[in-house]
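Trainee: Now for the letters of each chain:
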Amino acid sequence: MLKDIFHKKKQRYATLTSQDVAERLGRTRPQAPQPDVSVPEGLMSKCKRCGEMTFTKELEKTLRTCPRCNYHYPLNARERIDVTLDEGTFIEYDAQMTTVDPLGFPDYVTKIEREQNKTGAREAVVTGEGLIYGFPVVIGVMDSTYFMGSMGSVVGEKITRAIEQAMAKNYPVLIFTASGGARMQEGIFSLMQMAKTSAALAKHSEQGGLYVAINTYPTTGGVTASFSMLGDLNLAEPGALIGFAGRRIIEQTIRQKLPDDFQTAEFLLKHGMLDMVVDRKELKATLATVLELHGGVRDGE
Amino acid sequence: MASDLMFEKPILELQKKIEDLRKFSKESGLDFSEEIATLELKVKTLADTIYSDLTDWQRTQIARHAGRPTTLDYIKGMCTDFLELHGDRAFADDLALVGGIAKLEDIPVTVLGHQKGHDTKENIARRFGMPLPEGYRKALRLMKQAEKFGRPVVCFIDTPGAYPGIESEERGMGEAIARNLIEMAALKTPIVCVVTGEGGSGGALALGVGDRVYMLENTIYGVISPEAGAALLWKDASQAQRAAESFKLGAPNVYEFGLVDGVIPEPRGGAHRDPQATIAAVKEQILVALRELMELPVDVLVEQRYQKYNKMGHYANG
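Chains P and Y, in that order, give the protein sequences.
Here our numbering is used: the first residue of the first sequence is 1, the next is one more, and so on.
Here our numbering is used: the first residue of the second sequence is 1, the next is one more, and so on.
Only chain P is shown next, with the shape it has when bound in the complex:
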């Protein structure tokens, strides 16, 4: 009987296969598997969506978007900073801040070491300041390659401090979100980072500061339920997964398959949660326009 509760709602979506959606979006998937082209490691990259092989050098020119289907390859924090800020202008904040194990959680310390060795990153966010076409900004970039981009105490503290720096300097704040959600291993300390970062944004906003959230693949859980959705402007990259609850949990709750475009940037745009979905190749220029429209003054002017 209990399970019937969740059946009351009629399914509101036509059932589409991913193939249908791809076709509708004008991105046909390859019918046959790609022939195995032997190339030296790292010389070429294979698109996760359409399978297109592209020279990595070529990909750098397109800011790591697929020339064929426009799939946006995920970027780690360093790559994101490189494609966003003017060259050589980035000054990092709190680079030395590191994780502790507040709960004494099983295997957490080992896992941190493994993640650090694997990625060369120290934590799941890099913060600092720099210029975008000359406009100064404080920037926070989450890194989904490190520990799923999960938010624990360090992520919360670095983002909060960055926002406070922005208040002191009267700079706008840009945060590129990419996160699997709260860091389970820090339990309720992770949860409280949602309140802490939001409180900092409240202060920044009260002071009249501009905050732009740029949701990238994937932005979920506690980050979606805090700073990723609190921008004066909420932007996203095409195709980015953005959602609060995990797809599997929702499917278990409602016992239905979810539509393919569920929790994509386009889905959120349609439902009024985003201001714009911006192609990565136009993102920097768009951000510069936003900064200029909010009274931004170029460095040195």
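Please note: incorrect hints may appear among the correct ones.
[Stated by the list, open to error] Only pairs whose alpha carbons sit at most 30 Å apart, straight line, appear in this in silico DSS-like list of lysine-lysine:
| hint | chain 1 | residue 1 | chain 2 | residue 2 |
| --- | --- | --- | --- | --- |
| 1 | P | 203 | Y | 188 |
| 2 | P | 111 | Y | 248 |
| 3 | Y | 235 | P | 48 |
| 4 | Y | 311 | P | 111 |
| 5 | Y | 235 | P | 111 |
| 6 | Y | 311 | P | 169 |
| 7 | Y | 144 | P | 270 |
| 8 | P | 203 | Y | 148 |
The set of hints was computed from the structure by calculation and includes no laboratory data.
For this one, chain P is given, so just place chain Y on it according to the hints.
Mentor: For chain Y alone, coordinates are given in the frame of chain P:
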């Protein structure tokens, strides 16, 4: 009794033995008073041992007990002139999150909380206390109303979490919770929160940014439910007990971490054993807090709230 908790079984068994002995003594006319006294002492010792050091998993079970007072029980039990107010003015009225205005002793207050049901039918209607975005938006509307009229806000937190459904995502659950966090952080009126049962993740925190946050003794507050946490970390939901202990989500632990401002003692065995006494204890704690907070100039109040949340977290500066 279906609502008996597993870990209380030894106590209940002994109590039943005493009962049987009494009955037998009455029927047979034999005197068992000495044996009964011994057994009663044993029950007391056993209960002292069990209840004085509950594990986080045991507290989880008590926190979820169907006999605990719900938000409406607290409101009706401690306030007068309660008027329930409905709707978010944008989409719907969510029955999983209730709120309104009332008088607490002599103080007009805005009261809010997650609402579980007392039986299955009500639980279904109230989605087991799991709000939709419109629930959080109703809460925010009532909080902004409280701010306008200078009324303090009292929040009762008791939810497994925000409702995970298609409509939640369509209507922006993330945004709804986030909006409450940012608005509560800066709300220009005192906010007192009490975790009265389950403090389930973001769905709980969305009513939980306050000047004072208390937890009842046998309640939990966590980043994820023990079951979901176990499934996520160890691909095994049956390890919920291990997860509950690892997350350290019981009230005494969360207090020790400095993340809540106090623990309100419950009647022995849990709030469901004496709802009236529990409600009275919660009321007293809220009144003490409100009287203190209402003395503060509003800018000091908001700055103290900011500093409190600003300090939460453990990290090393490298």
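Trainee: Against which earlier hints does the structure fall short, listed by number upward?
Mentor: none
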